[in-house]
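Engineer: Sequence:
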Amino acid sequence: HSGDNMQAADFNDVLAYFAGTGFPYCNLNRAVYGDPYGGSRGGDMGIDNDVNDIFARPTEAILSIDNMSLSEDKKTINITTSTSFSINCDDTPYGISYVLTEDGITGSQYNYFAMYASDYAKNPYLGHLTKLGTYYKATFNHVGRALYGTWGVEGSLSGAIVPGETKTHTYDIVVPENIKDINNVHVVAMLVDNKTGEIINAASMKVADVTAIKNVFGNNQAATIDVEAGSLHISAANAVATVYTADGRTV
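Each residue of the sequence shown is one higher than the last, beginning at 511 in this note's numbering.
Rather than coming from a laboratory, the hints here were simulated on the basis of the structure. All of these numbers come straight from a predicted model, not from anything done at the bench. A portion of the hints provided could be inaccurate.
[What the hints assert, rightly or not] Straight line, CA to CA, 25 angstroms or less: simulated SDA-like cross-link-like pairs of lysine to any residue:
| no. | residue 1 | residue 2 |
| --- | --- | --- |
| 1 | K584 | T678 |
| 2 | K716 | S574 |
| 3 | K677 | G659 |
| 4 | K705 | N537 |
| 5 | K584 | L657 |
| 6 | K716 | T660 |
| 7 | K632 | T649 |
[Unchecked claim] Computed spacing ranges between beta-carbons, pair by pair:
| no. | residue 1 | residue 2 | range |
| --- | --- | --- | --- |
| 8 | Y620 | S574 | 35 to 41 angstroms |
| 9 | A670 | G532 | 20 to 26 angstroms |
| 10 | N621 | N651 | 14 to 20 angstroms |
| 11 | G552 | H652 | 19 to 25 angstroms |
Even for Gly, the Cβ is constructed at its ideal location relative to N, Cα and C.
Using the sequences and the accompanying hints, generate a full structural model.
Structural biologist: As structure tokens, this is what we get:
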């Protein structure tokens, strides 16, 4: 983004090293470059081909988010990741980067396709845009808000790589002031080749899916609630926990 309320200075290095000379432009994993619609090879929704190619590639490592919590003042996110490699290496030429993205950001969108309605009106992917004005109000998801470690947080991974051995990293993310609603934020952990900058693998978790509540008091007893590896853990003395689904049913 440039010149709007979605622009974040944290991504200036990414734009400098991995972006094109103008907009619109896209970069997948800092390795595949092209148009955000036609992709690197062109054609209707050609970007799908690039995405599918990336998913089909083997990767030398698996990255997962093991634990994440939000401080009670909602100013710090603590995250622990695990990385397991399938290769041997005397050192670790990789690092873990973290990105905060936010959904539900509203703004004005310039509409290129309104000026070329006759060319795109019947396009199954873009036709609906020809019915909108040159500028229209839009809601944007996955907006990059902050980046921690363009080439990987220093010291996040170190030592020799042994196949099957897991390396862990714990990091405190300070929530920036440009976040509008912390419940709409995702934390994306990325395994980065710190020589090329390429993103090797990634994992994401929504802040709203974890709890900042460490202790819930009732009847003079303390209940501890934690989220770990995608599971909810509740422990308490002389207490009964009732879990409900989103539609109100008891689990």
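Engineer: Where does the structure disagree with the numbered hints, that is, which hint numbers, in rising order?
Structural biologist: 9
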